[in-house]
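Visitor: So the chains spell out like this:
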Amino acid sequence: MSASVDRPPQRSPALRLHRQLAAIWATGPGLQRLAAVNHSVIGLRFMATAFIFFAIGGVLGMLTRVQLATPTADFMAPETYNQVFTMHGSMMLFLFAIPLVEGVAVYLTPKILGARDLAFPRLTAFGYWCYLFGATILTGALLAGVAPDTGWFMYTPLSSNVYTPGMNADVWLLGVTFVEISALAFAVEIIVSILKIRAPGMSLDRMPIFGWYMLITALMMVAAFPPLILGSILLEVERAFHLPFFDPTRGGDPLLWQHLFWLFGHPDVYIIFLPMAGVLSTIIPVLAGGPLVGYRAIVVAIIALAFVSFGIWVHHMFTVGIPHLALAFFSASSAIVAVPTAVQVFAWLATLAHGRPRWNVPMLYVFGFFFIFAMGGLTGVMLAMVPFDWQAHDSYFVIAHMHYVVAGALAFPMLAALYYWLPLLTGRMAMNQLSVPAFWLVFVGFNLTFFMMHLTGLRGMPRRIYTYSGDEGWNSLNLLSSVGGFIMTIGFALVVIDLLAQLRYGRRTRRDPWKAESLEWAMPIPPAPYNFASIPFVRAGPDRTAPEGLAASLARGEGYLGFVRNGWQETLGVHMTSGAPEQLIVLSRPTYLPFYTALATSVAVLAMLFQFYLSALAAALVVAGLLVLAGQSAGLNRDYGPLPVGQGVSVPPHTELKGSPPWWALIFTLIADGTLFVSLLFGTLYLWVSAPNWPPAQTFTPNLGLALAAVVALVAAATAARGSQRSISAGGMALGWIGLAAIGLVVVIAVVVGLISGIVPRPTEHALGATAAALLAYVTFHAGIGLLFLLSNLLRLRAGFLSSRRSIDPRLTRLWLDYTVVSGVIALGLVSALPALVRSLGT
Amino acid sequence: MVQLVLAVALASCGGPLSTLSAAGPAADAIATMWWVMLAGSAAIFALVLGLFALVILRPGWGSSVSPARWIVLGGLVLPGVILTPLVAYALVTGERLLPLPGTARQRIEVEGRQWSWTFRYPGEGGVKTVNVLHLPAGMPVDIAVSSVDVIHSFWIPRFAGKIDAVPGHVNVLRIQADEPGRYEGQCSEFCGIGHPRMRFAVIVHPANDFSAALAQAAASSKVKE
Amino acid sequence: MTARTAPVPPGYLWWLAAGFLVWGSALVVVYAVHGIGCTFAWSTGPLRLGLALVLFAHLAVIGWIWHRLGGVDPSRDSGQTGVFLRMAAVWATIAAFATTIFTLGATPLLTVCL
Chain Y
1 MSASVDRPPQ RSPALRLHRQ LAAIWATGPG LQRLAAVNHS VIGLRFMATA
51 FIFFAIGGVL GMLTRVQLAT PTADFMAPET YNQVFTMHGS MMLFLFAIPL
101 VEGVAVYLTP KILGARDLAF PRLTAFGYWC YLFGATILTG ALLAGVAPDT
151 GWFMYTPLSS NVYTPGMNAD VWLLGVTFVE ISALAFAVEI IVSILKIRAP
201 GMSLDRMPIF GWYMLITALM MVAAFPPLIL GSILLEVERA FHLPFFDPTR
251 GGDPLLWQHL FWLFGHPDVY IIFLPMAGVL STIIPVLAGG PLVGYRAIVV
301 AIIALAFVSF GIWVHHMFTV GIPHLALAFF SASSAIVAVP TAVQVFAWLA
351 TLAHGRPRWN VPMLYVFGFF FIFAMGGLTG VMLAMVPFDW QAHDSYFVIA
401 HMHYVVAGAL AFPMLAALYY WLPLLTGRMA MNQLSVPAFW LVFVGFNLTF
451 FMMHLTGLRG MPRRIYTYSG DEGWNSLNLL SSVGGFIMTI GFALVVIDLL
501 AQLRYGRRTR RDPWKAESLE WAMPIPPAPY NFASIPFVRA GPDRTAPEGL
551 AASLARGEGY LGFVRNGWQE TLGVHMTSGA PEQLIVLSRP TYLPFYTALA
601 TSVAVLAMLF QFYLSALAAA LVVAGLLVLA GQSAGLNRDY GPLPVGQGVS
651 VPPHTELKGS PPWWALIFTL IADGTLFVSL LFGTLYLWVS APNWPPAQTF
701 TPNLGLALAA VVALVAAATA ARGSQRSISA GGMALGWIGL AAIGLVVVIA
751 VVVGLISGIV PRPTEHALGA TAAALLAYVT FHAGIGLLFL LSNLLRLRAG
801 FLSSRRSIDP RLTRLWLDYT VVSGVIALGL VSALPALVRS LGT
Chain X
1001 MVQLVLAVAL ASCGGPLSTL SAAGPAADAI ATMWWVMLAG SAAIFALVLG
1051 LFALVILRPG WGSSVSPARW IVLGGLVLPG VILTPLVAYA LVTGERLLPL
1101 PGTARQRIEV EGRQWSWTFR YPGEGGVKTV NVLHLPAGMP VDIAVSSVDV
1151 IHSFWIPRFA GKIDAVPGHV NVLRIQADEP GRYEGQCSEF CGIGHPRMRF
1201 AVIVHPANDF SAALAQAAAS SKVKE
Chain B
2001 MTARTAPVPP GYLWWLAAGF LVWGSALVVV YAVHGIGCTF AWSTGPLRLG
2051 LALVLFAHLA VIGWIWHRLG GVDPSRDSGQ TGVFLRMAAV WATIAAFATT
2101 IFTLGATPLL TVCL
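Residue numbers (the numbering used here), protein chains in the order written: chain Y, 1 to 843; chain X, 1001 to 1225; chain B, 2001 to 2114.
Hint data in this document are derived by calculation from the structure and do not stem from the laboratory.
There's no promise every hint is true.
[Unchecked claim] Partial chain X-side listing against chain B, Cβ under 10 Å, derived:
no.	residue
1	Leu1100
2	Pro1101
3	Ala1104
4	Val1172
From the three backbone atoms N, C-alpha and C, an ideal C-beta is built for every residue, glycine too.
Please construct the entire structure, taking both the sequences and the accompanying hints into account.
Guide: Set out below in C-alpha cells:
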C-alpha cells in the first residue's frame, strides 16, 4: 500500500505524501484544539504555560526583594509575604521547572529519536490539562488570598490543621499532587517511548545522548514523585480526617513528613538538571563542530547520578537531631554526587577542546551555565559538610546556593536551548544586537542578586523572614541583592523582547542552521505534526544520525511508512536494545476525552478542597468511568497479522505483540506504585522506631483469620485472571474467569474493610491505627482498580477488541493483580505484625 | 566586580549574628572550615573557568590531551583528590562537636513556642527565664531543645551551629562561650507569622558569677511577669 | 550491529542498575540497623560490628556482579550494542563499588547514636 509509483517531477511525491499525512495527523482549528493529542502541540503548550508561570513566579520573587531591600519595610504585610514567598518557590519548582523540562522532552524526544509521536498521545494531553488545571487552582488561591503560606516544603506541624486551619495548605497538597500525577504520567510515557519507539537501526549505543538523559530522568521521576504523593495524601488525610501521621501528640512524627518530602525533593533537583545537561550534551558538540566526547562515560555518569541522588535527601535535615553517624553517609554521598557531574563537565570541556567552538548566542548561555553552575556546585559541596551546614542551614547561604544551581542548571541551558532550537520552529535566527546585551543584563543581575546572599547568610540572616531590624549588618547586602534583582528582571524582559523580535525580524535561515545533522533538523520548518514523512533507518549514531541528504529522502517517502493506510496514525516500535523494527504502532487520533477527564479530576480536587467529600467521591467515580471509556477505543478491533511498513519489512501491529507499549507502561507504573508502597512501609516502620508517644496505651489483636481470607481471595482473583488470559489466548470468551476474579476482589474489599474497622487504637487516636488503616486502604484501593481492569476487559471483549492474538488486556489485568497480591501480602503481614512490634518497645 | 565584592565581604564579616565572628570553639572550628573550603573553591572555580576560556578562545588548546584523559583527570581524579580529605576533615570536625555524655558542665533546657523561647536551668534550682539565655563563660554546656507546638530552630551563630526544636523530640546541642558578654540568638526555622521576631538575647557571665547572676535575673524577670 | 548477531535481551538493561541497587540497599540497611540499634539500645561494639558486616556483605555482592559482568566472553557479545552495554554495566558497577566504600566506609568508625 505504498504511494503511487509513477515518476512525476521530484517534488510531487513529497507534496502528495505530505498532504495525505497532514490530513491524518493535523489537529483541527478552533475548539478542536482542545482535542489535540499531538506531541508538538502539547510540548509547545507545556513550554508556553511554564514560561507564564516563570514570569509570575519571578514577579513574586521580585516582590520579596522589594520588601527586603530595606529594614523594617512595610511594603507587604507578613501574612501576604508568607504567601508570596511560598508561592514563589512552589510555582518555580512545580509549575515552571518540571513542566518546562516536560515540555522540552515532549517536543523534542520523538524528533531526536526518529519517531512520529510519543507512545500515548491521549496521556500526553491529559498530563497537560492536569498541569494547567492544577496550576490554575494554585494561582486562583493566590489571587483570592488563600495561597499556601508555610513555605514551599510545607513542614509539619506548622502546615497541619492545628496551626494552619485555613484551606491554604490544602490548596498546596491537592494542587501539587494534581500536577505531580500529570508528571508521573509523562514520566511513564517518556520511558516507554524512548525504549520502544525509535527509528529502526537506532540501537541503544547509537541513540543520541539526549535520549539517555531523558530516559534516566523519567526513571528518576517514577521513583521520586511517589514519596511526595504519599506524603501529600497522608497530610491531607491528617488535615481533613485527623489521622495523626505527623502529629507527635498522637504518635506521629513531624520528621516523617520531612523524610517523605526530601526523598522526593532532592532527586527533584536532579530531575530538573539532567534534561538540561542533556541539552548541553546535545548543543555543545554541534557548536564545537565535533562529536560528543565521552558518550559512554556520560551514560555511566548519569546512571550513577540518578542513583546517588536518591541517597542524599537527609542533607536537607542535618539539623533535625539525627545522629551524626547517619548524617555522615548522607554527607559523603552528597559530596560524591559531584563526581558524575564533574565527569559531564569535563566531557563538555574535552568536546570543546577537540572541536572548533563557535562563539554565538547559545554558546554565550553555555558560558553563563559554566560560570553559575560551577559556583552553585561548589557551594553545594560546602553545604554537604555537616558542621558547615549546621551554621548555614536555613540561612540565605542556602538560598544563594539553590538559586545558583537552579539558574545554572536550568535557566541558562534553557535559554541556550531556546536560541538553538527556535530556528526549527520559526526558520529565523537571533539578532545579536539585542541578544548579547540581554544576556549580560541577566548574567550580571543574577550574580549581583544572589552572590550577596552568600554573605548575608554567613552573617546570620535566616530564610523566610519578612523583615529585619537593621542592626544586624545585613542592610547594604540586601539592598544590593534587590538592585541586582531589578537588573536581572530587566534582562529577562529584554530576552523576551529579543525572542519576540526574532520571530518577526530574525535573519532567515535554511534548514539545520547549526549543521547538527541530527534527526530533529531533518524535517520541514516548522515541523509537521507527523515529524517525518517517512521514518529513517539509522546507520550511524549517536552523532550525525541524519547525514546530509536524509531529510529530502525522507520527505520523498523513501524511508519506512512513507505512505498512509486506513487513515491510521502510524509509527514504528523497535526492539529495546537493538533497534530492529518490531511492531507497527497505531496511535490515537485527536479526542476531547483527555480534556474532559482532566476537568472531572479538577472537580474532584476542588470538591475535596472545599470539603464536599461525597461530591468528590462522585467526581472520582466519573473519572474512573472516563478512564474505562478511554480504554474502549484503544488498539484495533480486528486481527491484521504482519503488515508491510516499507523497505520490504512486515511487522505485526502493536495489539498483536507481547512487548507492546501498554505492557511496558504498566510495568513502570507499577514501579512507581511500588515506590509509593515502599514509602508507606518505611513510614510505618519509621514511626514505630522513632516517633514520640509509642507504644500506644492499647493495641489490637491481629485477626489472622480475616487476613488469611483476604490473601486467599487475592490469590484466587489473580489465578482467575490467569485463567482469563489463557482462555482468551485460546480464542475463548473467558466470562467465567472474569466473573470469578471480580468476586474475589469484592471479597478482598469486604474483608479488608472489616479489618480496618477492627483496628485499635482507632485511626484518629494514634499513628498505629492510622498507619494500619493506610496499609489496609492501599490494598482496598488496588483491589478496586482491579475491578476497573476487569470491567474494561469485559467491555472490550464484547466489542471485539480482544482475540487470541490481541490479548494484552487480560495480561495487563493479570500483572496488576499479581502486584496487588504481593503488596497485599506484605501489607497484611505488616499490619498483623504491628502489635508484636509495638510490644517489643516495652512500656 | 569580583574584587569589589571581595573587599566588601572581608571588610564586613562581623555582626551580632555572624557565623564568622566566632565567640566559641564550635563556631571557630566551623569558621576555619569555611575559609579552607572558600580557598579551595576559589581555586577550583578558577581552574574550571580558566579551562573553559582556554578551549573557547584558543581553538585547538587541549586537543592533544586525549578525551579519556580529560574525563579521568577532571571527572574522577580531581574530585576524588579533593573530596576525600574534605569529607574526612568534615567528619572529624563533626565528631569533635558532638555532645558526648558526661563531658558537659551544665545542662539547660530550652522550650520553643510560637514565638518565644523559655529557658530552664535544672542545675541551678530549676529557675526559668524567657527570651534571655544565661550562660557561664568558658565551659561546655549542653542545650536540650524541644518545642511545644511547631518546629523552631535554636541558633546562636557566634557560638555554634543550630539545632531544630522538634515537638515530640529533645535534641541536644553542645555550646561553649569563650568570653563574657552579650550575644544574640534567633529562631531559624520558619514557624509562622512571628518567626522574624523570635530572637533571644544571650548573656554570658564569668563562670564563678553564673549562679548568682542567673538567680538575680530570674528573680527580676519574675517580678515583671 | 550486524544482522546475524542475536540482539541483547531487554532484561540485560537491569545490569546497568544492579551495582547501584545494591549500594541503595546498603544505605537503607545501614540506616535501619543503626536506627533500630539505637532505639533498642544495643551496645556499641556489636552495633559497630553489625554495620561493618552489612557493609562488607554488600561490597561482596557488588564485587560478584563486577566479576560476573567483566568475565563474560567478549565473543558472545551481541555486536557493538552488546559491547557498549556490557562496558557501561561494568563501569556502573565499579562506580557503585567505589561509591559504597566512599559513602559507607567511615560508618563503623564513628560514634554511634549521638
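Visitor: A separate judgement is required for each hint: does it hold in the structure or not?
Guide: For each hint, the structure was consulted:
no.: 1; hint: Leu1100; verdict: holds (7 Å)
no.: 2; hint: Pro1101; verdict: holds (8 Å)
no.: 3; hint: Ala1104; verdict: violated (13 Å)
no.: 4; hint: Val1172; verdict: holds (8 Å)
Of the numbered hints listed earlier, the single one contradicted by the structure is hint 3.
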